[in-house]
Every structure is written in structure tokens, then in C-alpha cells.
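Chains as they are written, first to last, in this note's numbering: chain A, 1 to 396; chain B, 1 to 323; chain C, 1 to 291; chain D, 1 to 249.
It is worth saying that the hints were derived from the structure and are not from the lab. Glycine included, each C-beta is placed from N, C-alpha and C at the ideal position. Any given hint could turn out to be false.
[Stated by the list, open to error] Some, not all, of what chain D presents toward chain B, calculated at C-beta under 10 Å:
no.: 1; residue: A64
no.: 2; residue: V68
no.: 3; residue: A75
no.: 4; residue: D98
no.: 5; residue: A234
no.: 6; residue: K237
[What the hints assert, rightly or not] If you only want the chain C side, here are some residues facing chain A, beta carbon under 10 Å, derived:
no.: 7; residue: N10
no.: 8; residue: G119
no.: 9; residue: A155
no.: 10; residue: H226
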Amino acid sequence: MRLKLSTLIAVLALSAAVGSATAQTVKIGVITTYSGPTAGQGDQLDKGFKLYLKLNGNKLPPGVKVEPIFRDDTGANPDAAKRVAQELIVRDKVQFLTGVVWTPNAAAIAPLTAEAHVPFIIANAAGWNIPRMSDYVARVSHTLPQSAYPLGKWAAKKFKRVYTVVADFAPGHEAEAAFIKGYKDAGGEIVGSARVPLANTDFIPYMQRVKDAKPNAIFAFNPGGKQATAQMKAFGDLELGKAGIKYIGTGDITADEELQNMGDAALGVLTVHHYSAAGDRPANKSFVAAYKKEYGEKLNPGYMAAVAWDAMDLIFHVIREQKGKIDPDKTMQLIRNYKNPDSPRGPIQIDPETRDIVQNEYLREVRKVNGQLANVELEIVETQYKDPWKEFNKAK
Amino acid sequence: MKHAGGYIADSRIRAIEWLPWAFALLCYYAAPSYLSLGSYILTMILFALSLDLILGYGGIITLGHSAYFGTGAYVAGIVAVRLTGEPLVGLLAGALAAGVLGLVTGMIILRTRGLALLMLTLAITSVCFEVANKATSLTGGADGLGGFSLLPILGLFRFDMFGKTAYLYCLAILFASWWLVRKLVYSPFGASLTGVRENNLRMHAVGAPVYQRLVASYTISATLAGLAGALLTQTTQFVGLNALGFQLSGELIVMLVLGGVGRIYGAFVGPLVYLVLQDYLAKRFPEYWYFGIGAMLVLVVLFARGGILGIIDAGILRLRRKS
Amino acid sequence: MQDFLSSLVNVAFHGIAYGMILYLISVGLSVTMGLMGFANLAHGVFAMAGGYMMLSAMSGLDVPFPLAIVGAFVAVALASMVLERFLYSRLYSAGELEQVLFTIGLIFMSVALARLVYGPLPQPVFIPGYLKGQIHLLGSGFPAYRVFLIVFSVALAGLLWFGVERTRWGAMVRATVDYRLMAQSLGINTARLFTLTFGLGSGLAALGGALGAEIIAVQPTYPFEHLVYFLIVVAVGGLGSLRGPFVAALLIGVFDTACKYWVPEFGSFFIYVATIAVLLWRPEGLFGKAT
Amino acid sequence: MHAALETRGLCKNFGALTVAEQIDFRLEAGARHALIGPNGAGKTTFINMLSGRFAPSSGQILLAGEDVTALGQVARVKRGLARTFQISMLFKNATVVDNVAFAVAERAGVAWRMLRPARAYREVVDESMALLETLGLTQDARLRVAELSYGKQRLVEIAIALGLRPRVLLLDEPAAGVPTSESQRILEVLDALPEEIAILIIEHDMDLVFRFATRITVLAQGKVLIAGTPAEIAADKEVHEIYLGERHA
């Protein structure tokens, strides 16, 4: 006999939901990374959430309030994340879970949400199959194939030989696989692949290896933050650009919040991604302006901050639709049909079938705008694009 | 410092020693929504108890005890994924694997002392970390190992999501381990470890095979650490690389010293206070909770070397002197 | 073959540059641990502080790079001497365990403070224009900044060696490392010597943190993240020696870079294995004194 | 008949420094033998080599005729060799009785036992208490060693060594640092030691040496200067010059 986690928790969560139907305070558990080496990424989510709550926190039906509970998962630390999620569900009786930078953490939390019937809105963790782990998971961020696969197809037209360097964990493996598939199917040649440990800080040896293999381009994925900067600097220090090697990748490698730290080495780097602080949509302009007003003129929101904003918008939408009386299954129904034509990153919607995000993917180039580095959007490579990986790996 | 054990110490269990157990059971009924934190605390108490055996009694400072904790955790996880969901099998396998690793590594490193020993423990846990990170097919690498489920314990008690079974399971294992450690501490073997800690050189001079005795205690300690790791895996149904990180070892020392070293119950008080405080601070100040932890450490070292139990001792002594 | 040679040169070069940063930061730790017998795990805090000082002086006050470096050294050295007088000195007679805990506590506090003041993101580093670009030698290009790092560190190592081997202060330090009681009975003011040496060690760490900011990003968790490497340098090199950390840092820098180049999938695995091997072979480190 | 302890051509160098040079030495069974010499003569190093803490650079050490040069401390203790230390080397935070019991338990071979409480090993506790009684420490048995006066700590040193039931006992300055009020007590204890134990004592207190020893070896700069009865030593001119002279002048 196989022991499933008991359904007791479901009963508890349901009774909590019923109990709170009269209370009208909706509790949202926010899990992000506040401490440890990767607190920078967590900070982006935190800033996006808090900005939304500050500006839109009152846009709720009369008598309805939200109470966010912020908790720290200390980094890519699945067991801590799982414990925190469990406590938020059992002890704080939250009606939503959101946040989560790291795929391993989200993968550890997802099964709990299936047991507890707590809607879980992922605001970053990109591992493609997480929504399949629980019917209560929806994702507003992205998957790596969503950007890496079209980039691969596009790169095959431009570059004959590519070297791939990715972070050694699930999202890295997915980015690598998706890029290579798109690239090879379109006729490109992969001259080498390296996987970099997640804790690595020195990219010089890896980039030297790339340089020695003499490709036309290097495809990179790393989990943003200071790793993105370190890799970019190594690219510049070793003068890979002068050796005729183009630096391309998913948007993580030129994340807006870090971009100014990277220096001129980043100029000309090409990425495919769903969000750029330099995007000239009106919704984005007002978002960036609000962000700068709140956190300082020098700071740019990165894609995680923008996604956190959207995640909160989605949650507020479903709270409004239910007038504060949250029913998990009805919530999921509403989420499946969520559309926002005017997000900072352009039109987005949730795919009713996979509960994953549908969005535009932009090809961007790092350029100087008003003396500052920016990811300038060149073209939309895919419009209202679903995660291609779920098409290639149909659920059985 | 007041250490338990020795040739004139009364080894019978005093009434006050039942207090932690009564308290643990009380928590079970009084704070049902805190049981997952409770299970974690019980697990860390067991881990701290294992450290107390070598730090408090053997005098070995290690930054690498998580090597054994993590080994136990991963072996229990791998057993659950590949072999059987029977919890006791995973528990024993985890403890055994950690014990074997403890014996082998102990034999290698315990010939050194001081900084070299500290660094060797650190390096060993780092090697284990890298191995687990790389053996992705077995351990899941940086993504961790999850997605397994466990059978009811002895076919009777199912793990529930409230963490009730998990809590009592941890409590039972901790109780058994405590009983064993207590026996050891009050035995001639335990007394001889006290001698090693107090004066390594003199212990040689009275003809004690110090190295063999340290290896033996190290192995027992590693086994208990592995048991704790396996418990963590089974109660959270997940193992991540952090179980092998040296940060965990550092945190463990902090917890033990906070409670008081070399007196068994320091290992109970320290993790309880540390983790409850951390839980509270992390909720209140998710960005800055470690400032409080750091300040507490500095204060303990400057003003309360014996840890919390040391403060209590001093307080009792003062009261007695007054009366 | 040509390719192999050029990659060999490159690996060696970058390994040496990395090793030099490790050396600058760790040499102070080696001296404090050897001289005072103090297990100061919080040593990285001073390196981090140096990095922050330099970066905020440059970006906030427009202080030129060389001045910012000197400023970081002086400010951190002075601050650490205050810390030594009021806190560290109270623990000289305490056991290793207390020292370890105390300094872990300091790390925790400094990490939180750094986050409060500077936020969680790494600080941007702007190296001056004259140190940018590449220097071409023997047909290979080398980043100018790293060349500067190597030259500077070697010069500093030489200066230190001269200071310890050839000056009165150095003689006192060496005497005190070897025979503490005797030094006291000879009338050496060990308390003042400790304070000065501690300040110097911390100042050097600050220098390493500031100069290395380009390579090792300055952010709040810095003291934890790199602690293991600092400790490895000290333990492998041997306590209380100047040559030890220099050789060890070079070895580790080159070895680590080489392993990442040729067997990238193993990360830091070999460094730890090598550390274990060295310490089993010579528990007192390569240049430490046998006890 | 073998000597209780004998060395042949014992040498020890620390680098360029020679601290023992060709020492030939015999400690007869049941002897009361003193080793004297100025500071830095190499007395403690010699004891450390005898007890097995340092390995000699060359030469042989024989315990009751058996070559033990290659054996470690533990093996020599097993063969009946015990020592005390110049500076108190006690288990400071343990009780007085535990200090002795640690040694007794090792000798009796019970120190590996893990399951029964130590207190249940009556023979160890009783023997330790009996030893303390002969040294007049019964009252202090339950105190921590750190709470004792220095003189009493020196007695505990001796008690620990006696707990090993040695046939050869090496005493490294048993009365060093003890105020005169307490040194009398130490001498009484030494006088009362069982006759069958061969004793080698290092001591600076010449009164104590000449009252206690029946044979004296003088060590200077790592070499044996002279060996003989107390009377012979007292009469020796060279000894007077380099050593006794400074005291009796």
C-alpha cells in the first residue's frame, strides 16, 4: 500500500476557507529568498510584490482585505522552502501561495498544494513541468524553452557553430536542451557544452574554454544576479567579442537589475525574453516610473519584479471575482481564464490547459540608452507563445 | 562547566529529566499547528545530541558533522525511491551508512588536531556535498530528491500532513537515542571521553588508547547524526543539498553551544531556543533575522560561556548561596 | 599543440591572478591565527568591508581609485583595531570553540548590517580607464586589471616579507609567534603588538576585498561564501608563516582554475580532495611548524 | 637480573639542538633514584623519552630487560611504567576521584565498557578511594580538581600514577611550585610509596633529593656528568662548581 500524504490537510484547508468566508481577510503566503548568496533575486520579487500592494492594495471589494505573509526560503533550498510552505498552509492558513525564485523549491512545494488545495501562483521558478505536479499550480513567469527554443531557431540562421554554457540544475538543463533542439533542428552545429555548478562565482576558466573552441556564438543561461555579472565580465575580460564570438542567451544573462553592473562588455549581447525594463509599452513605462519612484532613480526593475507585479495582479483579480470568499477550485477556474492585455510585458494570459503563461517573446540587444545600458527590444520573435516543451512532451 | 558522567555520578534518571519528554508531549496536544516545526526541532535535537558526544565529551570541534547527517538523509531518500517505502528500513540504512562513513573518515582524520582537524572535517563535508551535487541520477543534484512516499510505520501508523505521526515518530527515535547516549555518557567509556577532552596528553600517559576511543565515539556520533538526517528526509519527504552544507554544521554548533556543551540537555535546550527564535525572527524580519541570531551568539560567548544551562546553573548557585 | 600551450598560459595567468586575491585576503588571517592563536572566522568581514568602502568612496564621493584603495585599507585597519581592543582581546584566553562561535556571530551581524546599508545586490565595480583593456604579451592578450593585480600583490608580498624578516617589528612578531611567554618576559608589549598586527591583517584583507571586487563580487554574504577558501589557504599554507599562504594561494588559484577549465563538471571537488591530501600529509600545513 | 629501566646510548636532537647525548642509565628494581642538573640540562626530555612521549633519535630503552624503544606510551604503561608531570596535567574539571578512576579503569581494562554505568564498577571506585585515602585526600574526593590547592593537586598527580600500579614510577618535580607548608606532606607521601616500585625523581629541591634518594645521576647539557650515592655527589667538585655551588656558596 502506498502512503499518500493524508487528505486530512485538505479538510483543514477547506474548513479554513469556509471559516474565512465570513472574515473577509485573504491571506497570501509569499515565499522568496531574503537571505543567503541569492538574496538579490528574492529581493526583486519582494520589490515587485510590495510595489503592487502599495499602489493597488485597496482595489478590492468593500470589506475585503489582503494580508500578505512574507517568508524566507534562504536560497535554492528545497527542504527549507517546503517547511515554510507547510507552515504557511497549516499554521497561517493562507489561501494563496506565491513567490518562489527557485525551481527546486517550487518542485518541493507543488505536491503540498495538491494535498492542501491551495492555489500556488509561481512568480519565477521556471522548471517546465512544475504545473503538472499539482492542479493547484499556475505560473505567471516563464519556462526556459519558451525563450531558449525560439532563440535556437533564430540563432541557426545567424551562427554556424555555438558553444553552450548553462547552470547545472534543472532549469539550466532545460535551457540547454531547448536551445540545442531549436538550433540543431534548424541546422546548427553545437561545438561544446559545459554545465557550471550553481555555487560557482568564477567564470574565467569556463569562458576560456569557450574561447579556445572558437565558436561563432556562446549560448548561456545562469540564474541571473551576480552570476550573470560574473559571466559577462569574464566574457569581456577574455575579449571573446573581439575573437568574433557573439554572446546570446535567455534574458536571465542580462537581467535589468544587474545590467548596469556588467559594464560595456554587455553591449551587443543578444537575448530572447519576455520582459525588458526598456520596453516602450505605456503599461511598462508607468510600471518602471512607479518602481523608480519607490526604490530609487538608479534602480531598474528586472523581469522578476515585473512578474511579481503580474502575479499579485492575478491574485487580486481572482479575489475581486470571488468578492473575497476564496474557494480553491473556483479560484483555479478563474486563473485558467485569466487574461491581462496590458501587463508591463505586453499581453499575457494563462493557458487553460497547462496553467502556464502565454506571452510574447522579444529579441533584445543590449545598447546604451541615455548613457545607461538597456535591453532594447528589436522584434517580437514569438507572439502569444505557449511553452513549446509541453507540446513536445505531451502529458500522458 | 558541569558535565554529566563519571565514577561517582548517580546514573539513575532524575525526575527533572522527564521534563523534556512531558513538555514534548504537551506541545503535541497544545500546539498542533506547530508540529512540523516541532518535528524539525526534535530532529535537530537528535543531531545536536550526536555532536555533543564528540564535542562535549571528546572535545573535537568539527565543521563537518553535516557530512553524516546528509549521508543519512540521502541514503534514506534513495532507499525510499529505489527500494522500499518502509520507514524503519530507510532509517536503519541511513544510520548505518553514516556510521560506516564516520568510521572510515574518523580513522583518517582523528590523528590530527586543531586547525587541521577542523579543516579536514570541513573539506570532507564539502567533498560529500560535491559528490551529491554531481550524482544527479541518484540524488537529484541541486534539484533535490523528492517525490517518494513512505509506507505506514510498522504497517500501522500513516504519515499525515498535520505532521502528527511524524512528530511522534521523531519523538520516539529521539527518546531511544537519548536513552542510549545517556548510557554511554555515564559508562566508563563516557568517563574516558571526558578524560580525553579534559586532557588529551594525560590520557595518553595513563595508557588510554585515545585515538581508538575517539574513532569509536566519532563512529557512534556519526551514526546518530545519520539517524537524524534520515528522520529529516522521512518527515519532510524531501532531501536537498543543504543537508550536506557546512553551514548546517556551523548552525548545529551554534545551537549546541547555546544550550550548553557536554551535558546532554544542552542539546535539548539549544535547538529549541534557537529554532523557535529563528522562526519568530524570520517571520517578523525576513531580511534581517540573522542579525538577532548573531547578536545572541556574541552575547553568549562574552557573558555566558556555559550556554543557557550554564546561566541556569549559575542562577541556582546564587540562590543557594543567598539562602 | 599551439592551442594547448596558449590555454595553459591562460589558465596559469588567471589562476595566479585569482590566487593573489586569495593571498591578500588570507595572509592576515594566517598571521592572526598563528600569532594570537585566534580562530577568526570573521576575517572575511574585513575583506567585505574593504570592498564596500572602496566602492562607495568611488561611486558616492568620486574618490579616485588609488586613493579609495588606500582609504579602504586605513579605515578598515583602524576599525578592526577598535574591535580587537574591545571584543577580540577578551577572548584570547578562551577556547577555540568560543572563538569560532563568537566570530560566526560577528559574521551574522555584519551580513545583516551590510544588507541593511547596501541592499542584497552585489555592488557595481568601476575600474579606472587606465586599467581596462588588455595587455598583449607573447601573442596572448591578458586583461590589464589582472596584470596589475598580480604585480601589485607580488610587490606587497615582498614588502611584507621585508617587514617581517628585516624590521624590529617583524622580529618581535616572529619571536612572539614562536615563544609567547618568553617574548612577554623580554618586555615586548604583546597587547600592543597584537592590536597592530590585527589591524594590519584586517587592513590587508580590506585591500584584498577592494582590489578583488572585480573578481569576487562584494555583497552581504561575502564573509560566509568565501570563508572556506580563506581557511583552506591558511590551513594548507601553515599558520603564522608568510610564505605558506603565498604558496598555498597560488597553488589553489591555479589548481582551481585548471580543474574548472579541464574538468568543468566537477566544480570545486578536486580542491577539497587536494586539501584533505595535503593536511593528512602535513597536518601543520606546507610551511607550518610541526608541533 | 635486569634493571627495572635501562637506557643505552640514548640521543635526542631537535634540529641542530642536541638535548640528550649518549645517555647510559640504569634504574635498579626498587631504587630511589634522583636525576638532577641545572635548567635546560635535558631532564624532562629524558623523562619524556622514557615514558614514550618523544621518540629518541637513537639509542635503546629497556623496561625490565625488554626493548621498548619502538613502543608507544600506551604499551609502556601496560608494562608497568607510569609518570607524573612537572606542571600539573590533571583533568581539571573532573572530580578528584574521577581523576584517579580514569587511570584505574584503564589499568583494570574496563574503560571500553559502554552500557553499565561507571559507578557500578565498584572495584574501580573502591580502589580509587583507597588510593586517595592513603594520600589523605578522602575529604576532597568529590571536589573538582580545579578547586584544590596546588599542593593537593600535586598529590593527585601522584595518585593518578599510582592508580596504574606501576613497577617503575617517573616523578617529574613532584614538589615544584608547592609552598613549604605543603611540601612536607609530599615528602611524607613519597617516603610511604611501596618499596617494590622503582622510582626516578627529578627535583630541584636539594633537601628533598638528599633525604629521599639513595642514588643520584647528574645531567648537564644532555650528558651524564656523574652518577653515585648522595655522599659521592655531595663530595664531587665538578658538581659543586656547575650546580650545587651556586646554592651552597
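Hints breached by this structure: Of the numbered hints given earlier, those the structure breaks are 1, 2, 5, 6, 9, listed in rising order.
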